[in-house]
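Full structure from sequences and hints, please.
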Amino acid sequence: MENLIIEATKYTPSVKFDAAHHTLGISGESYPENISEFYDPVFDWLKRYLGGLPEHQSVTANIDIIYFNSNTSKVLTDFFRMLEKSAAQGRQVVVNWCYDKENDIALEHGKDFREDAVALEFNLVQTSGRT
Amino acid sequence: MISELYEFKKYLNKEGIFFCFSGPVSQELLVEIGAILKQKIKLEDAGNSTAIRVFSMVVEQAQNIIHYSAEKCPKPYPSKAGEEISIGIIAVGYENGHYFVLSGNMIEKEKVSRLQNKLTGLKKMNKAELKKHYKEQRKKGPDYGSKGAGLGFIDMAKKASQPLEFDFKKIDEKFSFFSSKTVI
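Taken in order, these protein sequences are the chains called A and B.
Residue 1 is where the first sequence starts when you use my numbering, and the numbers rise one by one after that.
Residue 1 is where the second sequence starts when you use my numbering, and the numbers rise one by one after that.
Just so you know, the hints here were simulated from the structure itself, not pulled from any lab data.
Watch out, some of these pointers could steer you wrong.
Rough simulated footprint, nothing fancy, chain B against chain A, three-plus residues with beta-carbon under 8 angstroms [as the list claims (entries may be wrong)]:
1. 56–70
2. 95–105
In the BS3-like style, the derived pairs of lysine-lysine whose C-alpha atoms are separated by at most 30 angstroms in a straight line are [claimed, not checked]:
3. B:Lys135 with A:Lys10
4. A:Lys85 with B:Lys132
5. A:Lys101 with B:Lys131
6. B:Lys159 with A:Lys111
7. B:Lys109 with A:Lys101
8. B:Lys181 with A:Lys10
9. B:Lys139 with A:Lys101
10. A:Lys10 with B:Lys38
11. B:Lys118 with A:Lys101
12. B:Lys135 with B:Lys159
13. A:Lys10 with B:Lys131
14. A:Lys10 with B:Lys140
15. A:Lys101 with B:Lys14
16. A:Lys10 with B:Lys139
17. A:Lys101 with B:Lys135
18. A:Lys101 with B:Lys132
19. A:Lys111 with B:Lys127
20. A:Lys101 with B:Lys158
21. A:Lys111 with B:Lys38
22. A:Lys85 with B:Lys158
23. A:Lys101 with B:Lys159
24. B:Lys140 with A:Lys85
25. B:Lys135 with A:Lys16
26. B:Lys139 with A:Lys85
27. A:Lys111 with B:Lys170
28. A:Lys85 with B:Lys131
29. A:Lys10 with B:Lys40
30. A:Lys111 with B:Lys10
31. B:Lys42 with A:Lys10
Just so you know, even glycine gets a beta-carbon here, dropped at the ideal spot from N, CA and C.
Below, the structure is given as structure tokens:
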């Protein structure tokens with residue numbers, strides 16, 4: 001399956017979904033005007049990818065979003081829900097939620113998402129030194 | 001206007017407003033406002049997280065204007081995002097140790113009571129109730145007529161240090177003017 005690479009813009013994140021190495025990366029900022037225009041293709045790819053995953057394949061998602069708007073919050077909920085389903089089928093699915101040590105909002109959001117994680121392994125990863 | 005412009009600036013200063021924009025609100029404008037704010041707030045060393053908090057209020061309020069303002073003007077270059085730009089007003093200020101964001105736009109009269117009920121409801125909730133409501137709404141999906149996830153006001157209420165203030169002013173038989181203030 002082909003990888004999904006979307007370059008970041010001022011208000012949409014960089015998306016690097018690697019089907020061969022089973023890593024899903026989203027980083028940057030997310031506050032597009034039209035949320036489905038940006039994220040529908042991302043979810044289409046994800047559905048195909050997760051639908052074709054072998055039974056015991058592990059997946060790692062690295063999320064490093066400095067700021068995201070409320071519409072994106074819903075998108076992330078749906079994203080984690082899809083990963084959760086995959087994990088519930090017996091796979092090891094890891095989410096690394098990265099946040100800058102000064103960004104307490106990102107940390108708060110991470111803790112929030114982590115509360116809903118059941119089979120997902122949800123880690124809060126502090127990063128520092130971002131300019 | 002020329003002779004009153006100074007009075008207008010004095011008024012803005014008195015209210016603690018250091019940034020004010022009235023006109024067509026677009027996504028590109030939002031990016032520029034963000035850059036200005038982040039620069040100013042970081043310079044005043046409120047810390048990275050305050051800049052992000054203020055910016056997040058500006059984004060939510062500005063995107064509400066973009067999606068829901070009843071007052072529009074045609075775009076010079078129609079794009080995929082549409083043929084019209086929404087018109088509204090956004091202001092950012094600082095008073096009593098807190099940043100605040102004001103925004104306003106015209107809305108259709110029919111939309112007033114639903115919005116008023118929603119905001120009145122949010123005003124009564126404490127932080128824990130807001131968090132719970134936010135999570136429920138996030139799982140549920142958008143309300144009828146919502147162009148987003150329906151989470152904007154709840155998100156703002158959660159992040160604010162005081163309950164959201166809002167006002168509806170009847171303009172005529174068809175329209176009212178909706179204003180809101182969030183305090184960080």
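Now for the hints, and whether the structure bears them out:
Closer than 8 angstroms: that is the beta-carbon criterion, and the region 56–70 of chain A has 4 residues meeting it against chain B, so the requirement of 3 holds. With 5 residues bearing a CB less than 8 angstroms from a CB of chain B, the region 95–105 of chain A meets the requirement of three and the coverage assertion stands. Between B:Lys135 and A:Lys10 the alpha-carbon distance is near 27 angstroms, which keeps this suggested pair within the 30 angstroms criterion. Taking the CA atoms of A:Lys85 and B:Lys132, the gap is about 23 angstroms. The hint holds against a cut of 30 angstroms.
Between the alpha carbons of A:Lys101 and B:Lys131 the distance comes to roughly 23 angstroms, so the proposed pair stays at or under 30 angstroms and holds. For the given pair, B:Lys159 sits about 15 angstroms from A:Lys111 by alpha-carbon distance, which is consistent with the 30 angstroms threshold. Taking the CA atoms of B:Lys109 and A:Lys101, the gap is near 45 angstroms; set against the 30 angstroms cutoff, the hint is violated. Taking the CA atoms of B:Lys181 and A:Lys10, the gap is about 26 angstroms. The hint holds against a cut of 30 angstroms.
Restraint check for B:Lys139 and A:Lys101: satisfied, since their Cα atoms lie roughly 28 angstroms apart, inside the 30 angstroms limit. Between A:Lys10 and B:Lys38 the CA atoms are separated by roughly 14 angstroms; this keeps the pair inside 30 angstroms, and the hint holds. This hinted pair does not check out: B:Lys118 and A:Lys101 have alpha carbons roughly 35 angstroms apart, beyond 30 angstroms. Distance hint between B:Lys135 and B:Lys159 is fulfilled; the C-alpha atoms sit about 14 angstroms from each other, no more than 30 angstroms.
The hinted pair formed by A:Lys10 and B:Lys131 meets the criterion: a straight-line CA distance of about 29 angstroms does not exceed 30 angstroms. In summary, the hint linking A:Lys10 to B:Lys140 is supported, as the alpha carbons are separated by about 29 angstroms, within the 30 angstroms threshold. Distance check on the hinted pair: A:Lys101 and B:Lys14 sit about 36 angstroms apart at the alpha-carbon level, beyond 30 angstroms; violated. Taken as a hint, the A:Lys10 and B:Lys139 pair is honoured in the structure, with Cα atoms around 27 angstroms apart against an allowance of 30 angstroms.
Distance hint between A:Lys101 and B:Lys135 is fulfilled; the C-alpha atoms sit about 24 angstroms from each other, no more than 30 angstroms. Our distance criterion of 30 angstroms between C-alpha atoms is met by A:Lys101 and B:Lys132, whose separation comes to about 26 angstroms. The hinted pair formed by A:Lys111 and B:Lys127 meets the criterion: a straight-line CA distance of about 15 angstroms does not exceed 30 angstroms. A threshold of 30 angstroms between alpha carbons decides the hint, and for A:Lys101 with B:Lys158 the separation of about 21 angstroms falls inside it, so the pair holds.
Under the criterion of a C-alpha separation no larger than 30 angstroms, the hint pairing A:Lys111 with B:Lys38 is consistent with the structure, at around 25 angstroms. Between the alpha carbons of A:Lys85 and B:Lys158 the distance comes to roughly 29 angstroms, so the proposed pair stays at or under 30 angstroms and holds. Between A:Lys101 and B:Lys159, the direct Cα distance comes to roughly 18 angstroms. Compliance with the 30 angstroms bound is thereby established for this hinted pair. Of the supplied pair hints, the one linking B:Lys140 and A:Lys85 holds, its CA atoms being roughly 18 angstroms apart against a limit of 30 angstroms.
Note on B:Lys135 and A:Lys16: the hinted pairing holds, with a Cα-Cα distance of about 27 angstroms set against a maximum of 30 angstroms. Simply put, B:Lys139 and A:Lys85 have alpha-carbon atoms about 15 angstroms apart, close enough for the 30 angstroms limit, and the pair holds. Among the hinted pairs, A:Lys111 with B:Lys170 is inconsistent with the structure: their alpha-carbon atoms are about 42 angstroms apart, more than 30 angstroms. Restraint check for A:Lys85 and B:Lys131: satisfied, since their Cα atoms lie roughly 24 angstroms apart, inside the 30 angstroms limit.
Between A:Lys10 and B:Lys40, the direct Cα distance comes to roughly 19 angstroms. Compliance with the 30 angstroms bound is thereby established for this hinted pair. At roughly 44 angstroms between alpha-carbon atoms, A:Lys111 and B:Lys10 are farther apart than 30 angstroms, so this suggested pair is violated. For a cut-off of 30 angstroms, the pair hint linking B:Lys42 to A:Lys10 stands: about 19 angstroms separates their Cα positions.
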